[in-house]
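**Q** The listed protein sequences derive, respectively, from chains F and A. Here the first sequence is numbered in this note's numbering, starting from 9 and rising by one per residue. Here the second sequence is numbered in this note's numbering, starting from 41 and rising by one per residue.
Calculated directly from the structure, the hints in this document are not laboratory data. Note that the Cβ used here is the ideal one computed from N, Cα and C, for glycine as well. One should not assume that every hint holds.
Unchecked claim - Under 8 Å between C-beta atoms, here's a sample of chain A residues computed to sit facing chain F:
(1) Q47
(2) M51
(3) Q192
(4) E249
(5) A252
(6) N320
(7) G321
Claimed, not checked - From the derived model, a few chain F residues whose C-beta atoms are all more than 10 Å from chain A:
(8) R17
(9) L39
(10) E81
(11) M120
(12) L135
(13) S164
(14) V167
(15) G175
(16) E197
(17) K203
(18) D216
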Amino acid sequence: MDETNQILRELRAAIQEYDAARAGALAERSLAEGIPQVDSLAAMTEAIREVGEAFGRGDLFLPDLIGAAKALEAALPVLRQAMIDEAERPETRGVVVLGTVLGDVHTIGKGMVSALLTANGFEVHDLGVNVATSDFIAAVRDRQARILAMSALLTSTAVQIGPVVKGLEEAGLRRQVLVAIGGGAVTAELAHALKVDAYHATAPGGVDLIVSMLEDKAEAGLA
Amino acid sequence: MPGFPVQIKKMEVLGLGEIEAIREAAFDVMATTGVMVGGEEAHRLLEDAGCHVDRERSMVRFPREVVETALAVTPRSFVLKAQDESNSLEIGKDDHLYFFSSCGLHTVDLDTWEQREPTRKEFHDFVRVLDSLPNVDGIAPFIWWGFARVPQAMRLLESNAAKLRLSTKAQGEGAVLGNDTWNVEMARAVGQDLWNLVNPVAPLAIPEEESAKIIRLARADMPFSVTAGPTLGATAPATLAGGLVSNAAEHLAALVLAQVVRPGTRFISGHMAHAQNMTNGSPFFGQVTNALQAAGFNQLWDLLGVPTYNTCSTWTGSKSIDYQAGYETALAATIAAASGASLLPMQGGMTAQLAASPVKAIIDDDVAGMIGRFLQGIEVTGDTLAVDLIKQVGPMPGTYLGEAHTREWWRKEQYRPVVADHSSYEEWATSGKKVALDHAREKMDALVASHPGTRLSASQEEAVESILQEARAHYRKTGLITEEEWAVYQEDLNSDEYPYA
Ligand code: B12
């Protein structure tokens, strides 16, 4: 028991010290020691939540937040892999397809969204920048995504979000996927006009919103 | 003659060995990791020039000799032709500095500091102000993101047209959705060059849209600048030196492509690297390290023989025209100017590139004037040493005030600010307690009122209009102008305010 607590404590510390290699190794060790994956996952989630709260208070900064997310990212697959083997794999929070819209090459906000979603237990597929409508739709279909997140920094190309939403409808995929948008060019009005599900002006706020909307959906028996 | 000659010793923040180390590191990154370049045509051109192209990953590795060959044919200086030939600029020539206005997104209300889209009239007035300010040598790309009632796809075209219609100065314009073709045509129609913007994207990428633009512009023999806009810590190393290395690789990759397409292509390397605000991810413009790094950038590109522009002076983080806006603008501009930037966009920018103000441009024009004077340095000749005069005037109560030497020299030696308040306290207190901002607001009204109006002949006007019509038809056909946008635009085009507001 002491051994178990020690490993979980170290796992938490590795995440809070941004040490991806150590977090990965500790995840392996937790398996070797027979610690239930749910316990390791709980320790890791708590660790990243504390980092997120410190970031919110202004005690920690973006590189710390992203660094902790990366450490978590290193440990997660190890635990998940083991769960597949045991056929008791708890779902990731869901698959996310993410990208910057067609005609737009800005990456920084998208990168923040990606890191934070990963840290929150989502499986993120980043399609990059200048993503064609058809590529978004194909990825949502092929990856069976629960969330499509799009970033748009240019007012001239933010309109490209429209055809994606329309394309999802035409492909019969609209109901399966929660569409979230953000980026400098996107406003609440635009989000409303485009009939997307979620918009937020910041990456952390957007991720919180996505999480809570999925929880609401689950409660309503929709997911 | 526009611009300012640099007659002081240039400021150096790096030693030669340090600059060379940065250059070598950039060559190393280019030759080993390479740069991601999109587009089959770019791949073919670069491969023919001796680069190694991995088509599957779109990664291009640049052997050192290829980069050096391209650098050897890149002009160290070139002419950027203005509508009025006397306003043409010789970019990079003999350490000469030119100021451009800034680019921004929205206008700001001078009482509430709230931001909003400008109207056509406000946009035209901004151009009138910039056309009139003595130290604005050229008008920048998207001084604002166009103006209200114009479809998004037409914003930078209407913006360019407004500038060509109301100013004979050198000009630049941004590019989205392939609008550069029409912008270049419009500039040609009024007999001038257009400085275009190309953006490699940090880290280490030139997307297909941008590589295609490089090829188009080089073929059209139009000058352009490249700016990958690295954010240190996010899209580049957090260190100033590391940021210079990755940024040099990005820009040199674009330079090679441009010079392969057309040797001698007029090319400017633009410093837009900036720190990141680590609390929310936004760009930290106004940070002094941006200017410090720009100074190193200017030294590096001077060694490479390529003209530079720096954006560190362009955008203060401040949302109002206040003390922060003043010191962030002036400090960065001074450092950039003293370290040898060829072109410095400055007048008007604020709110981390999200706003600009013609009134701030008027105040900034004084900053430009002061910096220009500073760059002219201290003239040391027999006449300026004034030894005979010193002996002649002698000790107290001698005075220089009535001397011909004073009448001749004080005007040459001093920079006289236009809007800064230098009245005595009594004068100030009894004449409305005005500060620079008040003087600048008054000045704005005067400049707008005295502007001569259109600069185009009837046939040039016709040519510009027909190019705009072609673009409108194109974007409507391709669905990039929506029906709603078109309806509002039609009202604008049919109003008395079109084409001049
Ligand atoms: C850096 C930058 C660049 C760099 C980008 C480098 C890179 N790797 O990304 C470079 C130099 C390449 C660049 C190029 C251009 N740029 Co630029 N760029 C900027 C700049 C300075 C900062 C953008 C940024 O990274 N912000 C920081 C990040 C963190 O903000 P963000 O992405 O908005 O993300 C935040 C939120 O929006 C949110 N978020 C973002 N995405 C999502 C998604 C979801 C789902 C959610 C929930 C939230 C969310 O989270 C973040 C905060 O927590 C802005 C000006 C500014 N001050 O914003 C101009 C700006 C965006 N660019 C602009 C322009 C015009 C261009 C060019 C067209 C210039 C040109 N050539 O003419 C080209 C674009 C070419 C193209 N086809 O895209 C304009 C856009 C104007 C407009 N009307 O839309 C701006 C506003 C500047 C201006 N004054 O006009 N640019």
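**Q** Take the hints in turn and mark each one as holding or not.
**A** Structure-based check of each hint:
1. Q47: violated, 40 Å
2. M51: violated, 31 Å
3. Q192: holds, 4 Å
4. E249: Holds - the Cβ of E249(A) comes within 8 Å of chain F, reaching about 6 Å at its closest.
5. A252: Check failed: Cβ of A252(A) comes no nearer than 12 Å to chain F, outside 8 Å.
6. N320: holds, 7 Å
7. G321: holds, 5 Å
8. R17: Holds, since 28 Å exceeds 10 Å.
9. L39: holds, 34 Å
10. E81: holds, 17 Å
11. M120: The claim breaks: M120(F) does not keep its Cβ more than 10 Å from every Cβ of chain A (closest is about 5 Å).
12. L135: L135(F) is indeed farther than 10 Å from all Cβ atoms of chain A, at 13 Å.
13. S164: Not fine: 4 Å to the nearest Cβ puts S164(F) too close to chain A.
14. V167: violated, 7 Å
15. G175: For G175(F), whose nearest Cβ neighbour in chain A is about 14 Å away, the distance exceeds 10 Å, so it holds.
16. E197: E197(F) clear of chain A: closest Cβ-Cβ about 13 Å, beyond 10 Å.
17. K203: Holds, because the least Cβ-Cβ distance between K203(F) and chain A comes to about 15 Å, which exceeds 10 Å.
18. D216: Given that every Cβ of chain A is farther than 10 Å from that of D216(F), nearest at about 15 Å, it holds.
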